[in-house]
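Based on the provided sequences and hints, a complete structural model is requested.
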Amino acid sequence: SQQGEEDPQALSIQEGENATMNCSYKTSINNLQWYRQNSGRGLVHLILIRSNEREKHSGRLRVTLDTSKKSSSLLITASRAADTASYFCATDGNNDMRFGAGTRLTVKP
Amino acid sequence: SQTIHQWPATLVQPVGSPLSLECTVEGTSNPNLYWYRQAAGRGLQLLFYSVGIGQISSEVPQNLSASRPQDRQFILSSKKLLLSDSGFYLCAWDPGLGNVLTFGAGSRLTVL
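Sequence order for the protein chains is E and P. Residue 84 in our numbering is what sits at position 84 of the first sequence, and the numbering runs on without skipping anything. Residue 3 in our numbering is what sits at position 3 of the second sequence, and the numbering runs on without skipping anything.
Hints in this document: simulated from the structure, not taken from any laboratory. Just so you know, nobody snuck in bad clues.
Some chain P residues judged to face chain E by a derived CB distance under 8 angstroms, without partners named:
1. 34
2. 43
3. 49
4. 90
5. 101
Given the structure is predicted, the values throughout are model-derived calculations rather than measurements. For each residue, glycine too, the CB sits at the ideal point set by N, CA and C.
Given below as structure tokens:
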């Protein structure tokens, strides 16, 4: 069964705008990760945030984690058409990695 | 550097036929290995994971099975495919729980 749930399920924005995706999970975690998937391809790791961290940055990516609410957000700033993809959060509860259903992001040029 | 190979990339099989998808990892030892399935436009469903040779944990009762005959080899099998087995299958590895997962390119299975 899935551990995390992302929302929105789909997001469409214009190039240059910011995109925010949210993830909620159910069990205690050691860390939370975000992955990206281009259509028909494998997933690629974007960023990992540990349970004792509240915010992390990597280039145009900003991730926040609120363990009291069991939620995380991924912000992509100044989006580009190449950011079009599905984004998934994953958590390490239950001795394995569990993924949410993902957010499908479309960035229009 | 570590690499992960998954094959075949695409497979079209009739209902009732057998299945074998193979995944190998290079450049590391004793990895955790995973098989996920992704239905069209959906998230990832964990099917099996393995922390060592011969150690397989199954998440979902189904007509699929997994084996790990060697440290860096993970095989997904079925004796008789169902229509509902169609999907995108992804193999992945990590050096230990909580670390970054590295995925293969995926195998698209269509059961007709």
